[in-house]
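S.K.: These protein sequence lines are chains A and B, in that order.
Residue 118 in our numbering is what sits at position 112 of the first sequence, and the numbering runs on without skipping anything.
Residue 66 in our numbering is what sits at position 3 of the second sequence, and the numbering runs on without skipping anything.
Be a bit skeptical, because a hint or two may be false.
Coverage of chain B stretches by chain A, computed from C-beta distances (three or more under 8 Å per stretch; other residues unrestricted) [unchecked claim]:
{"id": "1", "region": "141 to 147"}
{"id": "2", "region": "161 to 167"}
{"id": "3", "region": "246 to 259"}
Far from chain A, some chain B residues (derived; all Cβ distances over 10 Å) [what the hints assert, rightly or not]:
{"id": "4", "residue": "71"}
{"id": "5", "residue": "118"}
{"id": "6", "residue": "186"}
{"id": "7", "residue": "394"}
{"id": "8", "residue": "446"}
{"id": "9", "residue": "500"}
Derived by calculation from the structure, the hints in this document are not laboratory data.
C-beta: ideal position from N, C-alpha, C; glycine also.
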Amino acid sequence: MRSTRRPLNDGRFFCLPRRTLLKGSLLLPLAVMFQQGRAASFKTVYPDFLALSRKLTRRALPDNAETRQLYQGFLDEPWFAEHVHSTLAVLQKHGTPPPGTAQAWFARHVLTTWYLGVYYHERTPPKRWLKASALRHQAISGLVPLRFREYTGYAAWSQRPPEAT
Amino acid sequence: MNASTECDVVIIGSGVAGALCACRLAEQGVRVRLIEAGPWIERASIVQGFEQTADNDLSAGYPNPDWAPRPNWNPSARPYIEHLGTVHPALEYLRVVGGTTWHWSGSAMRMRPEDFRLYSEYQRGVDWPLRYEDLEPDYLSAEHEMGVAGEASADPGLPRSAPFPMPPVPPSYAEIRISAGLKQLGYKLLPRPAARNTRSYDGRRQCVGYGTCTPVCPSGAQYAAIVHVKKAQSLGVEVLAEHRVEQLVAGADGKIHALRFTRSDGSRGEIRARLFVVAANGIETPRLLLMSANEHFPAGLANRSGQVGRNFMDHPGLLMQLRLPEAVFSGRGPNSTLYGSKHAAGTHRRHQPAWILSTQNSLDLHELTRTALTEGHMPPQLDQIIRTRAAHSFLLDTQIEQLPDPDNRITLDWKQRDSAGLPRIQLHYRYNAYEQAGFVHVRAQFEKMAVALNAQSHEILGPFSHHHLMGTARMGSDPSQSVTDLDGRTHDHNNLFILGSAVFPTGGTANPTLTIAALSLRAARAILAQLQTGQ
Chain A
7 MRSTRRPLND GRFFCLPRRT LLKGSLLLPL AVMFQQGRAA SFKTVYPDFL ALSRKLTRRA
67 LPDNAETRQL YQGFLDEPWF AEHVHSTLAV LQKHGTPPPG TAQAWFARHV LTTWYLGVYY
127 HERTPPKRWL KASALRHQAI SGLVPLRFRE YTGYAAWSQR PPEAT
Chain B
64 MNASTECDVV IIGSGVAGAL CACRLAEQGV RVRLIEAGPW IERASIVQGF EQTADNDLSA
124 GYPNPDWAPR PNWNPSARPY IEHLGTVHPA LEYLRVVGGT TWHWSGSAMR MRPEDFRLYS
184 EYQRGVDWPL RYEDLEPDYL SAEHEMGVAG EASADPGLPR SAPFPMPPVP PSYAEIRISA
244 GLKQLGYKLL PRPAARNTRS YDGRRQCVGY GTCTPVCPSG AQYAAIVHVK KAQSLGVEVL
304 AEHRVEQLVA GADGKIHALR FTRSDGSRGE IRARLFVVAA NGIETPRLLL MSANEHFPAG
364 LANRSGQVGR NFMDHPGLLM QLRLPEAVFS GRGPNSTLYG SKHAAGTHRR HQPAWILSTQ
424 NSLDLHELTR TALTEGHMPP QLDQIIRTRA AHSFLLDTQI EQLPDPDNRI TLDWKQRDSA
484 GLPRIQLHYR YNAYEQAGFV HVRAQFEKMA VALNAQSHEI LGPFSHHHLM GTARMGSDPS
544 QSVTDLDGRT HDHNNLFILG SAVFPTGGTA NPTLTIAALS LRAARAILAQ LQTGQ
């Protein structure tokens, strides 16, 4: 059967008017500054984000590509850096943030993302950042197969899970 | 528009009805085209889709392109169907090659003999134009085509002429425990016939227990109609994906001469054939018939009776979420392996509906975790709460019979358009006193079950839709009251057949897929006979 899909590149992207190209050239330095800002923020914010995540989840979460991707997902959120620093400070000082504060909201927000693997924020549609590593799966480890990745084996589902305590 | 192309039979819709019929016809040398609005998909890409989506519904991992839209549960999306009745069911079906059996539960139950004689037995609804005994050989053939596992002697209310192709699916630990607990109430839970391999069958592997039958079986041990789409292809059937049929062209003589389609790239074409088969579903089938209205048939095709789009039925169901004192470990193994038929038959159907009880061996870990988070729990207690609740939770479900009601219907709003530019579908839907009586009865039984199971807590939810879309082009022997005859041939157009649950005059309580398959095999014989006689 012949493909009836529209080609992804139909050439239009290479027919930009000069004015658009000029605008693009002016925007380029801003884009570079933006990237530099992100790199700077990574150096200062990411360590605190990781520390905050570890404290909230009570886990030695790895500093790996997935954690960094999750951090990137939060980056565009308003007051993200402020929330990271202040929530970590409150946790270090008091153990838990006082109810009704911005820090309490943010702690719950981060925890929800780690457990569900889905990022929820009013500025954007929900996004899945974690798959098998969402912490909810760790919570039921050994009881129920990890969705799409594990199975019990034929008829083993008729027995109690061997790992059940 | 492309030049017209020709074939013997063109089938619209590549789900189980269309795919099975295509195979049967192609086996006899008929030149068949199978046409599908949606795209081809692969099992691995479906799994990937579910791993990437943030939505938690059972369709979220499947494509939903603008050019072949379908109902979408995402609340931020514009509803595909406009709900105009007092009840707004969250309907669900897929528009992809292979259709909705990609994400069904595998439940391959027969309707009961008295389901075909509802009016004669209980003075409710209507009778089918055929009897259980007439369809029994096709039920058996369908079970062999799909590969159904079951226990022949389990349900004496469902007589059989031969055993199931495979032994029944072993019940899950959770369902064994629930079954034991419900015995004291007189519920004998039976092995649920399922199109799921309990041994290697038809080139597909034995089930290994991923536990994700719905939304998709990762191994292919559970039957999906893509099996017969691929068989049809190997028999020479041309499968045209991403071809959205928008009109059947009928002449003044009542014959259907062509269908017109639009491809996903916007180009258009036409196919001529000797015989046309609409095998969409209980919503898309009446929609196409209504959209095909012309000067000769201003109320739409096959609609001299005015019944096209009417009598929409589902199996509404109440759910009960239980928290049990013992750990049962829901979610290990197939989604539902047992059912209870205690209320599926009997004289109570004169005043309240039949219903079946389903044990649901599934775990909504996302929702369970979200609830625990909302309650404010923090690690490490949070983990313990999730683990305990997951182990101790269980879900009971019911499928309740719904009577045909001519005012429960599909109509079109020609002033509004969907994302494909077609008239918007409207659903007028309500529950009547009969169904309401069923809800009351189920609630009362659920309360007793919660006590019998010593539930620590329970919550009764619903009614919900089971997405069983039936009745909108019903079969019957009276052309003034029905759309097709007992073979699916429309009364008004000799060369137009309708397959699928749209032709069901009543819905009974069984999941409709096996009956859809059996009726398709029956219709294939009638189509072959008609082609051979040259009518």
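S.K.: Count the residues of the region 141 to 147 of chain B with a beta-carbon closer than 8 Å to any beta-carbon of chain A: does the count reach three?
M.R.: violated (count 0)
S.K.: Take a quick look at residue 186 of chain B and tell me if its Cβ sits farther than 10 Å from every Cβ on chain A, holds or violated.
M.R.: The claim stands: residue 186 of chain B keeps its Cβ more than 10 Å from every Cβ of chain A (closest is about 43 Å).
S.K.: Beyond 10 Å from every chain A Cβ: check whether that's true for residue 446 of chain B.
M.R.: 4 Å, violated
S.K.: Measuring Cβ to Cβ, find out whether residue 118 of chain B lies farther than 10 Å from everything in chain A.
M.R.: About 7 Å separates residue 118 of chain B from the closest Cβ of chain A, which leaves it inside 10 Å; violated.
S.K.: In terms of Cβ atoms, is chain A entirely out of 10 Å range of residue 394 of chain B?
M.R.: Given that some Cβ of chain A is not farther than 10 Å from that of residue 394 of chain B, nearest at about 4 Å, it is violated.
S.K.: With d taken as the least Cβ-Cβ distance between residue 500 of chain B and chain A, does d exceed 10 Å?
M.R.: 36 Å, holds
S.K.: Quick one: see if chain A covers the region 161 to 167 of chain B, three-plus residues with Cβ-Cβ under 8 Å.
M.R.: violated (count 0)
S.K.: Using Cβ atoms and 10 Å as the threshold, tell me whether residue 71 of chain B really stays out of contact range of chain A.
M.R.: Check passes; 19 Å lies beyond 10 Å.
S.K.: At a Cβ distance under 8 Å, does chain A reach at least three residues of the region 246 to 259 of chain B?
M.R.: Violated, because only 0 residues of the region 246 to 259 of chain B bring their Cβ atoms closer than 8 Å to Cβ atoms of chain A.
Hint compliance for this structure: hints 1, 2, 3, 5, 7 and 8 are not met, and every other hint is.
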